[in-house]
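Asker: Each chain is listed here by its residues.
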Amino acid sequence: MNIEEFERLVNAWGGDSARWPEQERTQAAALLERSAEARALRETAAALDAVLASAAAPEANARLRESIMAVPGRTRQQRRAGRWFRLGASGVLPRFVGLAAAMLLGFYVGTTSLLAPAPSFAADTDTVNVSDYVFGDTAQDYGVTVQQNEVGL
Amino acid sequence: MQRVGDGNEAAYRVLMERHLNRSLGFATRLVGDAAEAEEVMQEAFLRLWRSAPRWQPGAARFTTWFYRVVMNLCIDRQRKRRSQAVPLDVAGDPPDGRRGADGDIHARQVSDRVEDALAELPDRQRAAISLCYLQGLSNKEAAAVLEVNLKALESLLTRGRAALRQRLDPMKDDLVGIAT
Chain A
62 MNIEEFERLV NAWGGDSARW PEQERTQAAA LLERSAEARA LRETAAALDA
112 VLASAAAPEA NARLRESIMA VPGRTRQQRR AGRWFRLGAS GVLPRFVGLA
162 AAMLLGFYVG TTSLLAPAPS FAADTDTVNV SDYVFGDTAQ DYGVTVQQNE
212 VGL
Chain B
243 MQRVGDGNEA AYRVLMERHL NRSLGFATRL VGDAAEAEEV MQEAFLRLWR
293 SAPRWQPGAA RFTTWFYRVV MNLCIDRQRK RRSQAVPLDV AGDPPDGRRG
343 ADGDIHARQV SDRVEDALAE LPDRQRAAIS LCYLQGLSNK EAAAVLEVNL
393 KALESLLTRG RAALRQRLDP MKDDLVGIAT
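Chains as they are written, first to last, in my numbering: chain A, 62 to 214; chain B, 243 to 422.
FYI, nobody ran anything at the bench for these hints, they're computed from the structure.
Treat the numbers as computed from the prediction; the structure is a model and nothing was measured.
Glycine is no exception: its CB is placed at the ideal position from the N, C-alpha and C atoms.
Label pairs and their calculated CB-CB ranges:
#  : chain 1 : residue 1 : chain 2 : residue 2 : range
1  : A       : A90       : B       : E389      : 23 to 33 angstroms
2  : B       : G249      : A       : E68       : 47 to 57 angstroms
3  : B       : K382      : A       : F157      : 50 to 60 angstroms
4  : A       : E104      : B       : G249      : 48 to 58 angstroms
5  : B       : F304      : A       : A118      : 13 to 23 angstroms
6  : B       : D248      : A       : E104      : 47 to 57 angstroms
7  : A       : A97       : B       : Q298      : 47 to 57 angstroms
8  : A       : E94       : B       : R245      : 44 to 54 angstroms
9  : A       : A162      : B       : E281      : 44 to 54 angstroms
10 : B       : D248      : A       : R135      : 16 to 26 angstroms
11 : B       : I347      : A       : A123      : 17 to 27 angstroms
Here are some chain A residues pointing at chain B (derived, C-beta under 8 angstroms):
#  : residue
12 : W74
13 : R80
14 : D110
15 : S115
16 : P119
17 : E120
18 : A121
19 : S128
Only some residues are given here: those of chain A computed to face chain B with a beta carbon under 7 angstroms:
#  : residue
20 : N72
21 : V112
22 : L125
23 : I129
24 : T136
Assemble the whole structure, with the sequences as input and the hints as a guide.
Answerer: Structure representation (structure tokens):
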């Protein structure tokens, strides 16, 4: 390695030999041993390295740290909101809501006897007063007399 | 990064503690504005969190990947800013959030001069110098962040260092204490 090659080396990679490309390190070290000019060039490069290293690095303030630490929570919320929005936009959610409403209504009707109860078929035979179903308690008012019939099931 | 991908916030905090200050310094030097650099960092960590579930170990080193994200965000902002450029006499002086109130005044002045000299470098040279000499990345890592080969990195560093030497030479006497 000659002095021009060494100058090119330190001008690019600086005075710290750890940064020099491996294949050039041995030759550069040999030149440094025998050349005062090479040593001067290295010193100049190292001085610039030191000046650069002295540049103060800014420190992140508490507000920035908090904001960065809030990223996971914010992302989860957005993802949840986005999921509901996508379901709504695709029509799946309205259909699901409609189905659930129908099921709830069915359950309510079934448990609150909103409609007339069906006759009980607990026994194989039972006595059914047909007039109760046709006229309810007002059968007598219509002058209807109905015989009680035995219905076999 | 894999643990972050599993939703582990403690692992996310570790990455933040390890990389925030250094990458904030890098972003501040690239965009030249502290507030904008902070926005870049928020966006960079958002991308980190979102990308973590798809992270493939061995595909890239985390530091290299993260610095590239930061650098690309800075470049995007600079492009936008240039497209909406305001005349300098209207824009006034940029805010300087680089320095805190404490610290030695002389060291701060020197540091300011170095930062100013760095700010005058073209973007790629500034990025190369920052990555190698201020962020402490290896040559290979810096080349990977910049997506160039070592020869191209060498060229960026040579031109950047020459320009810095030229700019800092008039203040050589002030800088003596730093270099020894």
